[in-house]
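Q: So the chains spell out like this:
Protein chains: 2
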Amino acid sequence: MTYCPLCSLPKENILLQTELYSLISARNVYYPGYMQLVLNDHIKEMSDLKENDALLIYETLLKLEKLIRRTFSPDKLNIASLGNMVPHLHWHIIPRYTNDRHFPNSIWGEVTNPDYLPQVAIVNQEKEFTSNLEFHLSNSSNFK
Amino acid sequence: MTYCPLCSLPKENILLQTELYSLISARNVYYPGYMQLVLNDHIKEMSDLKENDALLIYETLLKLEKLIRRTFSPDKLNIASLGNMVPHLHWHIIPRYTNDRHFPNSIWGEVTNPDYLPQVAIVNQEKEFTSNLEFHLSNSSNFK
Chain L
0 MTYCPLCSLP KENILLQTEL YSLISARNVY YPGYMQLVLN DHIKEMSDLK ENDALLIYET
60 LLKLEKLIRR TFSPDKLNIA SLGNMVPHLH WHIIPRYTND RHFPNSIWGE VTNPDYLPQV
120 AIVNQEKEFT SNLEFHLSNS SNFK
Chain R
0 MTYCPLCSLP KENILLQTEL YSLISARNVY YPGYMQLVLN DHIKEMSDLK ENDALLIYET
60 LLKLEKLIRR TFSPDKLNIA SLGNMVPHLH WHIIPRYTND RHFPNSIWGE VTNPDYLPQV
120 AIVNQEKEFT SNLEFHLSNS SNFK
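Chains as they are written, first to last, in numbering that gives the first Met the number 0: chain L, 0 to 143; chain R, 0 to 143.
Accuracy of the hints is not assured; some may be wrong.
Where chains are identical, the list cannot tell them apart; a pair therefore holds if satisfied intra-copy or between any two copies.
[Said to hold, decoys possible] DSS-like cross-link-like pairs, simulated, lysine-lysine; straight-line CA separation at most 30 Å:
no.	residue 1	residue 2
1	Lys62	Lys43
2	Lys65	Lys126
3	Lys43	Lys10
4	Lys10	Lys62
5	Lys49	Lys10
6	Lys65	Lys43
7	Lys126	Lys62
8	Lys10	Lys126
9	Lys65	Lys49
Think of the hints as simulated: they come from the structure by calculation, not from any bench.
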């Protein structure tokens, strides 16, 4: 197998790790709160997952979405699993604001607001949120 | 509420409709097999769904992914819920090929292969697939 950057995540990027997945910060200066849920195993597509694992991933995505909405009050959430560049299953979870760097485009599209920088309050919220992510997730209501 | 194009889908675009969602063809000449799963109700975010509905949507996305992989043999599947332009919950399900119009970018990113046109065989497969979508979906293995 060729080198896969998601098979060897830098430890300092990992916010939380379970037997199934790792949650990492995207460390994107324009998008505080932007996280990636990365499968630990090198699996290519969502439909390759075992059913229980697929459910657990979905449950986690929904919990994260709820927590991010509550914490960052974004105008919209973007959720995507692309993997064209790195075909190792991972999800992007991105809080968006109507004045952000690419709105209303996807963050992979054209820049619309080149001068945009996120509010300091949101950057600080990210620090608190990510440092207590395990607590927040385990205290979030279960999907099932 | 302002006008929402996903609240009034043109009937001719609808491939399949249930009580919960509609499946429509994206009618994108570069991406045969590209479909959108649109909630019937004007709901903004995935985490606004009732749990049973959220499960049914996920189950349908997984089934569609499996069917699209089997039918179109794409190099990668892209799944995304953005909704920045139309904040009415919908999912993009896009079969991707390593030589397609935007690969390895998202389809909302920069064009990399401006001369690309999909193979005629794939365009024909889309016709057969979408005209029998209800049959294919109901005969696909259940997620649960």
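Q: If you check each hint against the structure, which ones fail?
A: none
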